[in-house]
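Following the hints, position chain A against chain B.
Number of protein chains: 2
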Amino acid sequence: MINFTVGPVQMDEETRKMGMDQIPYFRTPEFSAIMKENENLLCKFFDAPQDSRVVFMTGSGTASMEGGIMNFFTPADKILVVNGGSFGERFVQLCEIHELNFTEIKLEHGEPLTRDKLETYNNQGYTGMVLQLCETSTGLLYDMNMVGDFCKRNNCFLFVDAVSGFLADKISMKEMHINAAITGSQKALALPPSMSFTVMDAEAQKRCLSNKVKSMYFDYADYLKNGERGQTPFTPAVGTLLQLNEKLRRMEKNGGIAAMNKAAADRAQYFRNKIKNLPFKLFTDPNSTSNCVTALTPTKPGVNAHKIFEIIKDEYGIWICPNGGDMADKVFRVGHIGSITTEEIDKLVQVFEDLTKRNLI
Amino acid sequence: MINFTVGPVQMDEETRKMGMDQIPYFRTPEFSAIMKENENLLCKFFDAPQDSRVVFMTGSGTASMEGGIMNFFTPADKILVVNGGSFGERFVQLCEIHELNFTEIKLEHGEPLTRDKLETYNNQGYTGMVLQLCETSTGLLYDMNMVGDFCKRNNCFLFVDAVSGFLADKISMKEMHINAAITGSQKALALPPSMSFTVMDAEAQKRCLSNKVKSMYFDYADYLKNGERGQTPFTPAVGTLLQLNEKLRRMEKNGGIAAMNKAAADRAQYFRNKIKNLPFKLFTDPNSTSNCVTALTPTKPGVNAHKIFEIIKDEYGIWICPNGGDMADKVFRVGHIGSITTEEIDKLVQVFEDLTKRNLI
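These protein sequences, in sequence, are chains B and A. Residues in the first sequence are numbered from -9 upward in steps of one, following my numbering. Residues in the second sequence are numbered from -9 upward in steps of one, following my numbering.
Looking at chain B on its own, in the form it has when it is part of the complex (with noise of 0.2 Å):
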């Protein structure tokens, strides 16, 4: 199966290779000194401010959104949240769950956040705004510029769902005036499934530690006191850390994330030329679109989408990537981070193509 979802993504052989490993014991300094090196490298390619640090959470990146919203918040707060598809509404019912003051600013699925609509919340009082670098239901990509501007002028602490975002969108902690960031092993990052990654300035820690939070497995302030010495409070997925380890320095030694900025975006833009003459339109403004996925909606009258994710699945052995909810009928979406090549992409061109000569789409 070849295999363009928005994760779990195709891995490089080196990370495949190590899959096979035995996995180590990892209370010991050993271990220790890759997550240390791992906590640097990934403070460097969010362009993280000095004294940056990464909580590693095993779990799903929802489980990274909840934590960052239990520890950087409080009924103190009055945020913003951006609510533009399935995990901006997720960042408003965790909003909801932990009983914070929030408002929601909710966007036609596909509809950028505008500097005319934000400005309309400027000095109201608020104290953070959350919202995803990537809507990945859509593959919106928000103006995190104008969004870290308005965060700074308001002093909002700004925290960024980047999970499928990172490596695909650039993203700069200082630039963007972000407090904390997430992103998660099977995106673009191409590991197994089972890890988060939190990104913290100093604000985010101070409030870690500061906030008490009412739970064991999501308090931050033990995150952070036990990665002093390159731990984790409950064991991690360890073999998932080590090929994270070999993936960063790799991307180190590859000319870093400039090179995988790069690298995603002509992807990107070889998919989306190749699919022009094909009877799907694009669902979000390429002037607002991710380099992560590419979410189409096809335009032949009567045509499925989710029935065209199942006829590709079955008969062609490639997985594009469903929607859900109220958009499962109407849009489907081609991820293309992760190991895909080029002729993978004109691979699954051709099906297309072949759909529509089966006159299916």
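Quick caveat, the hints were computed from the structure, so don't treat them as lab data. Idealized CB from N, CA, C, for every residue including glycine. Any given hint could turn out to be false.
According to the in silico footprint, chain A covers these stretches of chain B (three or more CB under 8 Å from chain A) [stated by the list, open to error]:
| no. | stretch |
| --- | --- |
| 1 | -6 to 4 |
| 2 | 13 to 22 |
| 3 | 154 to 160 |
Just chain A now, with coordinates in the frame of chain B:
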């Protein structure tokens, strides 16, 4: 390195080979079918009553300890918590964090829970009880038939942490009147660390569905609902779940739980016979010891247990398992779950003999 810790432990060849495979997209009927089989086989191996279910949690064993405490109990419960070591202590902390009404039965390290002690809590209105099957920090195995009998008479909801005990020691939810029990991927199942599993009877499920927990990641009602279609609410460690499936099927073919329990007992006995003449004292009464681990105290004055761990790691390429806290200097452990051969045990015994000759133990 040879790994005699209690997790992550050495994986089987079959499991390791699967570590190289690309990880499939999982929101498919194909993956759902595998998950339903995982659920059925885990229920079978825990000897769970009919209509039992499994919650598949991406996280360490502690995640499922906390998830259980949050989902099974409310402040209306009156809970007995057995604290005989680091992991019993963790249950105490979890009950404190979640502001539950509980009584701690504090035992010395390695001290069994006796019938006399337990009976002092009889007919006192307790509605719940939580404890380990095996307290991994000392290897103490609780008398679960006695505990189950007490819980049945007192109508106590019984929640058992069998993270390290499952497969090594007998557990039968039916016979022992256990309502919910957990295990972890990196213990006797010998998979990569990343997942923990909670097997629940009908009463446990009822509690999950009626309790409203203040968490998205630990909302077991959502896991049970998604589990009906063989899915999890959030991206799980898909690779580990596929390895779990292969392992459970292989166990089923090779004699099931009885064969696993016997192999663990034989291996524990083999190791314990081999070290009879070495300068160690069994930390825990052999009649109350788990088959998963042997806790040892060096008998020669001045010998530091943690130092032995370091020497064996650095000079012989073998990990034994150090203890933490106030046992660190006096006790070390040898785990013998996972893919450990008698040749490897012989090699460790030779190392101990060499250390005796070198006058280090």
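Structure-based check of each hint:
Counting residues of the stretch -6 to 4 of chain B whose CB lies closer than 8 Å to any CB of chain A gives 5, so the stated coverage by that chain holds, three being the minimum. With a threshold of 8 Å between beta carbons, the proposed coverage of the stretch 13 to 22 of chain B by chain A holds, since 6 of its residues qualify and at least three are required. Check result for the stretch 154 to 160 of chain B against chain A: violated, 0 residues qualifying (beta carbon to beta carbon below 8 Å, three or more required).
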